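Novice: So you can see what is in the structure, the chains are spelled out below.
2 protein chains.
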Amino acid sequence: LRSAMAAWARAVRGLLLDVSGVLYDSGDGGGVPIAGSVEAVSRIKASGLKLRFCTNETQATREQFVKKLRGLGFDISVAEVTAPAPAACRILKERNLRPHLLVHDDLVPEFAGIDKANPNCVVIGDAAENFTYANLNEAFRVLIGMEKPVLISLGRGRYYKETDGLKLDVGAYMKALEYACDIEAEVVGKPAKRFFESALAEMGVPAQQAIMIGDDIVNDVGGAQQCGMRALQVRTGKYRPCDENHPQVKPEAYVNNLAEAVDVILQQM
Amino acid sequence: LRSAMAAWARAVRGLLLDVSGVLYDSGDGGGVPIAGSVEAVSRIKASGLKLRFCTNETQATREQFVKKLRGLGFDISVAEVTAPAPAACRILKERNLRPHLLVHDDLVPEFAGIDKANPNCVVIGDAAENFTYANLNEAFRVLIGMEKPVLISLGRGRYYKETDGLKLDVGAYMKALEYACDIEAEVVGKPAKRFFESALAEMGVPAQQAIMIGDDIVNDVGGAQQCGMRALQVRTGKYRPCDENHPQVKPEAYVNNLAEAVDVILQQM
Chain A
7 LRSAMAAWAR
17 AVRGLLLDVS
27 GVLYDSGDGG
37 GVPIAGSVEA
47 VSRIKASGLK
57 LRFCTNETQA
67 TREQFVKKLR
77 GLGFDISVAE
87 VTAPAPAACR
97 ILKERNLRPH
107 LLVHDDLVPE
117 FAGIDKANPN
127 CVVIGDAAEN
137 FTYANLNEAF
147 RVLIGMEKPV
157 LISLGRGRYY
167 KETDGLKLDV
177 GAYMKALEYA
187 CDIEAEVVGK
197 PAKRFFESAL
207 AEMGVPAQQA
217 IMIGDDIVND
227 VGGAQQCGMR
237 ALQVRTGKYR
247 PCDENHPQVK
257 PEAYVNNLAE
267 AVDVILQQM
Chain B
7 LRSAMAAWAR
17 AVRGLLLDVS
27 GVLYDSGDGG
37 GVPIAGSVEA
47 VSRIKASGLK
57 LRFCTNETQA
67 TREQFVKKLR
77 GLGFDISVAE
87 VTAPAPAACR
97 ILKERNLRPH
107 LLVHDDLVPE
117 FAGIDKANPN
127 CVVIGDAAEN
137 FTYANLNEAF
147 RVLIGMEKPV
157 LISLGRGRYY
167 KETDGLKLDV
177 GAYMKALEYA
187 CDIEAEVVGK
197 PAKRFFESAL
207 AEMGVPAQQA
217 IMIGDDIVND
227 VGGAQQCGMR
237 ALQVRTGKYR
247 PCDENHPQVK
257 PEAYVNNLAE
267 AVDVILQQM
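The listed protein sequences derive, respectively, from chains A and B.
Reminder that position 104 of the first sequence reads as 110 in the working numbering, one-by-one numbering, no gaps.
Reminder that position 203 of the second sequence reads as 209 in the working numbering, one-by-one numbering, no gaps.
Please note that the accuracy of each hint is not assured.
When chains are identical, the list treats them as one kind, so a pair holds in a single copy or across two.
Stated by the list, open to error - Taking lysine-lysine pairs in the DSBU-like style, the calculated list, with each CA pair at most 30 Å apart, reads:
hint	residue 1	residue 2
1	Lys199	Lys51
2	Lys167	Lys56
3	Lys199	Lys154
4	Lys74	Lys122
5	Lys154	Lys122
6	Lys256	Lys167
7	Lys167	Lys154
8	Lys122	Lys99
9	Lys99	Lys74
10	Lys256	Lys154
What the hints contain is simulated information worked out from the structure, not anything from laboratory work.
The structure displayed is predicted, hence computed values, not measured ones.
Using the sequences plus the hints, can you model the full thing?
Specialist: Written out as structure tokens, the structure is:
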């Protein structure tokens, strides 16, 4: 592990951290921190490395999300978070799109400044309990009624781990609507290149000097590598042993958890 | 239209009819017959042509389904219906599969003779209101917990029309589970070749002498043609004008409704 990283890790100036499955496992009551992750974040900040939290979580506004993580003991602020909903809002404004929202109730305030009358697109996020049969039919009818249906998806994750088990993520429902309408969604959030690039720009570090640390082999590791970043996969969160045989994607290294990743990176510096 | 059919229609000995969108539009209170369809079925029976109803509907047992259609005035019996659930039961028994069912409550009796303890596959049908967030997560967890997940889908329709609007069909939810588990479902029902072949065998007519009449360009028309049948698309049910520009599938002819299809076919005989 250490020798695999030695050659390039000395040049590292910034870290992008996935949040759910890396910092904490989400679930009822806010979830629980993953052992060693609170201290790992503090050590990154003390090291002088730049740091940015790059999440696809769309069950809350960034303010609520950060409040929850601070409650779990993490040193994190809203200004350090790159998340899909604000990125989607920029796209909606650029293209004069008025969304029908199929999102979590707690995410709706992120779209407060957006005109939602007479919708000409659908925005889908991790709506969780809002993924009802009725709500999916409604989003479908909005799409199928358009001459050229526009579906914007806040991420394309397959599933994630909560304290009470695995849950289907937005990507599964995105696929359902894509298939029903015979369209392809535009993905905002990881693994979209534009999303990683905005996180890097906000951090002020070029891709070649940044490491992404995540639990998702495709959306974290694969997405970051396609932008020219290095990437580590943690064996926490949604990690499964079969990820290590993924036919397309191979991280620079596997680490047991964020704490070990930080150990290894700081020792190279 | 008539000249397009003249060359081969004289040899026709049997008709396969899709039901929802051809005989009637489903919906609350049982739905409503499509104008002229009750008489069209009677005329087919009086003509001496063989007839079989080939449906992907999985919201009820065949007994309930036939009772509903008889209530709408159709001359139909259980023995004339080819439906996905009995076909799935044959496969489950052949392969010693014990299903976790994600289906409509009213379909469950079709699986009465099947061992469902300690499931080693998931069977998904048009579960309608049973497509809850909780039920989809449960089916997903059963699948992702298997070494080789087996998902059997009762059809792969995108959507269908009820009296109160379009509804997502089983295919959309099948795609969600396929994507989440990175697997491909086995489809029972139209457009599976084996399903059409069993309908033809039950009718006792070879594919070359049979016509499929349906409202679904892919699952009715395309599926039947791949089995060597001719196929007509009706402009009722889920038919949309853009179906007539489908890049892959072209029916032998379009007809306004079942009544017109029967007019044309009987005139050729």
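Novice: Now look at each hint and say whether the structure bears it out.
Specialist: Do the hints match the structure? See the list:
no.	hint	in the structure
1	Lys199 with Lys51	within (26 Å within a copy, 61 Å between copies)
2	Lys167 with Lys56	within (28 Å within a copy, 54 Å between copies)
3	Lys199 with Lys154	within (24 Å within a copy, 32 Å between copies)
4	Lys74 with Lys122	within (28 Å within a copy, 41 Å between copies)
5	Lys154 with Lys122	within (18 Å within a copy, 44 Å between copies)
6	Lys256 with Lys167	within (21 Å within a copy, 45 Å between copies)
7	Lys167 with Lys154	between (35 Å within a copy, 20 Å between copies)
8	Lys122 with Lys99	within (11 Å within a copy, 51 Å between copies)
9	Lys99 with Lys74	within (29 Å within a copy, 50 Å between copies)
10	Lys256 with Lys154	between (37 Å within a copy, 22 Å between copies)
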